[in-house]
Every structure is written in C-alpha cells, then in structure tokens.
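We have chain A already, so just place chain B on it with the hints.
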Amino acid sequence: MMEEFTSDLTSREYLHCNFKNNAMIKRLFVLFLITASIGVFGQSKFIAKNAYISFYSSTPMEDILGESNEAVTILDSETGEVIFQAIMTTFHFKRALMEEHFNENYMESAKFPKTKFKGTIEGFNKEMLKSASVNIKITGVMNVHGVDKTITVPGTLGLVDGKLVGTSKFKVTPEDYGITIPSVVRDKIGKEMEITVKANYLPFGQ
Amino acid sequence: MKQVFLFFFGFLFFFLSGNVFSQDLDVLLNAETKPTINYTSATFKASRIISGHSVQQMKKNQLDFRISHRFGTLNEGAYGLWGLDNSNIHFSLEYGVTNWLMLGLGRGSLNKIYDGFAKFRLLRQSTGAKTMPVSMSYLTTLEIKSQKNDYNPDYFSSKLTFVNQILIARKFNDKFSFQLTPSWVHRNLVETELDLNDIFAIGAGARYKVSKRMSVNAEYYYKIDPNAKYLEPRTYNSASIGIDLETGGHVFQIMLSNSIGMREGMFIPHTTDSWNDGGIHLGFNISRVFTL
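First to last, the protein sequences are chains A and B.
For what it's worth, my numbering labels the leading residue of the first sequence as 125, then goes sequentially.
For what it's worth, my numbering labels the leading residue of the second sequence as 1221, then goes sequentially.
Source of the hints: derived by calculation from the structure; they are not laboratory data.
Note that CB positions come from ideal geometry on N, CA and C, so glycine has one too.
Keep in mind that a hint or two might mislead.
[As the list claims (entries may be wrong)] Facing chain A, a subset of chain B residues (Cβ under 7 Å, in silico):
{"id": "1", "residue": "D1244"}
{"id": "2", "residue": "L1248"}
{"id": "3", "residue": "L1249"}
{"id": "4", "residue": "T1253"}
{"id": "5", "residue": "A1262"}
{"id": "6", "residue": "K1279"}
{"id": "7", "residue": "Q1282"}
{"id": "8", "residue": "T1467"}
{"id": "9", "residue": "G1468"}
{"id": "10", "residue": "V1509"}
[As the list claims (entries may be wrong)] Cross-link-like lysine-lysine pairs, in silico, DSBU-like; alpha carbons within 30 Å at most:
{"id": "11", "chain 1": "B", "residue 1": "K1395", "chain 2": "A", "residue 2": "K218"}
{"id": "12", "chain 1": "B", "residue 1": "K1254", "chain 2": "A", "residue 2": "K173"}
{"id": "13", "chain 1": "A", "residue 1": "K254", "chain 2": "A", "residue 2": "K315"}
{"id": "14", "chain 1": "A", "residue 1": "K238", "chain 2": "B", "residue 2": "K1350"}
With the rest of the complex left out, here is chain A:
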C-alpha cells in the first residue's frame, strides 16, 4: 500500500482516487496520533490526580471542615504555570446535612460544578523541582461559584522525601465570590474560610 502512495500513482490519480482510500486515511490518522502523543510525552508537565483541598471555618458555635481528595492539578515546568480543578460534589463533611447545604445553598453545585485556579509561580525556575521545598508565591485567577477573582497566594514547592510536593494555605471570603450567608446562620459560618491545598506531583503520563 505504501508503494501505491509513493510511487505507483500519478498526481492526478492521487487527487481523484486516493482521497477515498480508507487505508491511507487510517495511516495518516495513526501517524497523526503518534506525532500527537510524542507531543504529550515530550511535555515537561507534572500532574497530581488526587490532590487534597480543604476549607475550614471556625466559630464559637460550630467548626466546619470540607475535604476533597479528588482535585486534579497540572504544573508546567517550562513556564511555571499551575492549574487546579476540583469538582464541588467531591467535598465531604462530617455531617451529611452540611454537605447538602454546601452544595444546595452556598456553592450551587448543580449550576457551578467546578472550582478552578490557574496561575503562575512568581520567579519560577526549574531548579525548584529538583531541590528541597522552598516558599513560593502564585498569582492567578480563581473561579469559585462562577466568579473570577485574581489572587496571590503563598505556598511551597519542592522535593519532600524525594517526591515533588506543592502546598498552599490561604484565606478566602465567601462574599467575594457572590456567596451570601444569611443572618440566621451567620454565627455558625466564619467570615473567612481557610483553604489548604496539598498535591503530590508525578511526571505527566506516569
């Protein structure tokens, strides 16, 4: 078949019959896939598919802790770009009712199923990925409850016990993201939520 492609046919025949030749299209597609996958493997990206994200609010009335172990994050070691995504319904609480209220009344998870953050590590260099943990700052856009907000958060990045780990801890105010807390429960929900993030990165494709 390859001979057909390269030698047997005149250019006229190419245009008139070989475009309809399935085998050739298949071969082109396979070739495309190979190049495409070389592209992916060739990327110097790191991924964590089971990253931990929690938010915590504490008041004298009640402590609220929601945790997810199913956030996905990718770090691009060429550019220092980092991206996080968590599906709201993967957050779990001690009390089932808190979980229901979280999804129904506050995050409106049916309407806004995901929370996302995309940012860049300030002063990033590749050595950070090969040395012990250092403090970093990440600036980017956080999307919660359908609202975009540019934030700068502190964190750490580097090797911990030979593994690439990224962490961050910062505070957010629900009102900044259009999440209103009615006066009846104002005493039970803190003004600010403490967000904790921990990701164990692996090279992409492993």
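What follows is chain B alone, placed relative to chain A:
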C-alpha cells in the same frame, strides 16, 4: 505535484503536533479529570412533602426529631378560633441506619396511634458517569390504634393498619421536583361494611423553590374508593398545600390540608373534611436533624 502534496501533509502534521506541544493546560486538565457520578441532592427539603413521605431520607447516623400539629378546621369560625382550639399532635424519631435504610417510630394523639416505618432507597437520580432519570424508594409502615373502644372481643390485630408505597421522584431542575406515589393501604378492621379493607391510591407531590431556603409544596392523594360518597361521614381525597422553610438544621413546614391525619393509614383512606366547605386544617411539621 506529488512533492507539493507531501509537503502539504508534512506541514499539516507539524502544525497539528505543534499544537499539542503547546496544548493549553485547561484542555489537559479536563482530559485528566475523571467523570464523576453526580447524584441529585435535595429533591425535597424534608423526608415529607407535606403529610406523605418524599424520597428524601436521613443519611447514615442522622437522627430526625419531628413534631407535627394539625389544628381543627377553619370553618369552626371565631368561636373555635378557626380551629386553633383543637390540636392534634404527632411526634417521631427517625434514623438513618445506612444511606439507603431509614427507620422511624412515632406516636400520634389522633386514635392514640403508635407507628413505625422503614424506608428503603432503591434508585438515586444521577447524571454524569451514570445516568438515572428518577429516584425511587419503597416505604412500608405499620400503625397501631391504641384508643380504647367497646369492641368485644377486642383483638390486637383489629387495631392494625399497613401501608406500602413506591415513591418515584424526579428533580427536574434546581427549583422544581415532582413525585408520584402509588400506595396500598390495608386496614385489618374497618368501621362499616361499606368501608374497604384495601384501598389503592396514587399520590402526586411537587415542590417549587422560591428562594434558597423556601419552597412551596403541594400534595394530592387520589384514592380508588367507589363507596366514598355513601360513607357517613363521607371521605375525600387528601389535598394539601404548604411552605417549607429551612434554617440550618431545622426545616419548618407550614400547611393547609383537608386531612387531620398525619400518617398514611389515616389521611389516605379517611380524610373526612372537604376544601369546598372550609374543612381546612392549619398545621405544621418541625424537623430537627442531629448527627449521632
């Protein structure tokens, strides 16, 4: 020509794979996020639509303490303070043994009943990795009348009423939910020959959320009882309209209904008041949920 053609394809490959090299992180992220099953939550606010059960149930280790009242009828007028002089109470403790099994025990002042129920979750409405259009539960209940009477002999079995229901509900969007409830009520002993021991009924219930913490609910039970109009007193289909208010761990339900009974074995077969002549009862349910 051939060369031009090959060059064109070569260029195309370069272009496409180049695109992958500089692929946007968002695209990669979405490809790596595994599809989840999104179970529909809060089809209704409480385990009752108004008087009858909804597909909601207590999750594991949650305890619901419920207090309900139904007052007399509005047509009692000012003398009876539109029914408020006459109050029936029912309270119950209802517990989630697992996420799919809920058990309840209760006591009501009407006929001095003791009652128990088991509600099994059979299907959960979901989208995403698994699609299920409806939620479905099975409810079985037992009611025991402990009111003293002149029956002789007064068998214990004569005091029993059994109800079986299939609850089929769908949350159409975040505001509107609808439920159909095929029901079978069996009363071991009935008062007259005209009363049926077995009554089949179909219930329909709906809620519409008007705000995040308030919804308007309606519930109707159509019973198949050809003798209803010959009974003394005659019986009607149960029809109710109400409001759910939610505040943290509490749900308040305030309703108007032609039924005074708060349990299926009473309000499905034996609703003796009619909306047409003002036989309307004001009532409320209070639900307080504890996590054990």
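Cut-off 7 Å, beta-carbon criterion: hint that D1244(B) touches chain A: violated, 9 Å
Does the closest beta carbon of chain A sit nearer than 7 Å to the beta carbon of L1248(B)? holds, 6 Å
Under 7 Å, Cβ to Cβ, is where Q1282(B) needs to be relative to chain A, so tell me if that hint holds or is violated. For Q1282(B), the interface hint holds, since the closest Cβ of chain A sits about 6 Å away, which is under 7 Å.
Using the nearest Cβ pair, does T1467(B) come within less than 7 Å of chain A? holds, 5 Å
Would the hint linking K254(A) and K315(A) be met if the CA-CA limit is 30 Å? At roughly 38 Å apart (the allowed maximum being 30 Å), K315(A) and K254(A) break the hint.
Would the hint on K1279(B) be counted as holding, given a Cβ-Cβ threshold of 7 Å to chain A? Holds. Min distance 4 Å.
Holds or violated: T1253(B) as interface residue toward chain A, Cβ cutoff 7 Å? Since chain A brings a Cβ to about 5 Å from T1253(B), closer than 7 Å, the hint holds.
Check the hint pairing K1254(B) with K173(A) against an upper bound of 30 Å on the C-alpha distance. holds, 9 Å
Hey, K1395(B) versus K218(A), does the alpha-carbon distance stay inside 30 Å? Distance of about 27 Å is within 30 Å: holds.
Proposed proximity, K1350(B) with K238(A) (alpha carbon, max 30 Å): Given pair K238(A), K1350(B) holds - Cα atoms ~18 Å apart, limit 30 Å.
Mind checking the CB of L1249(B) against every CB in chain A and telling me if the closest is under 7 Å? The hint holds - L1249(B) has a Cβ within 7 Å of chain A, the shortest such distance being about 5 Å.
Given a cut of 7 Å on the nearest C-beta pair, is the interface hint for G1468(B) held or broken against chain A? Since chain A brings a Cβ to about 5 Å from G1468(B), closer than 7 Å, the hint holds.
In summary, the numbered hints that this structure violates are 1, 13.
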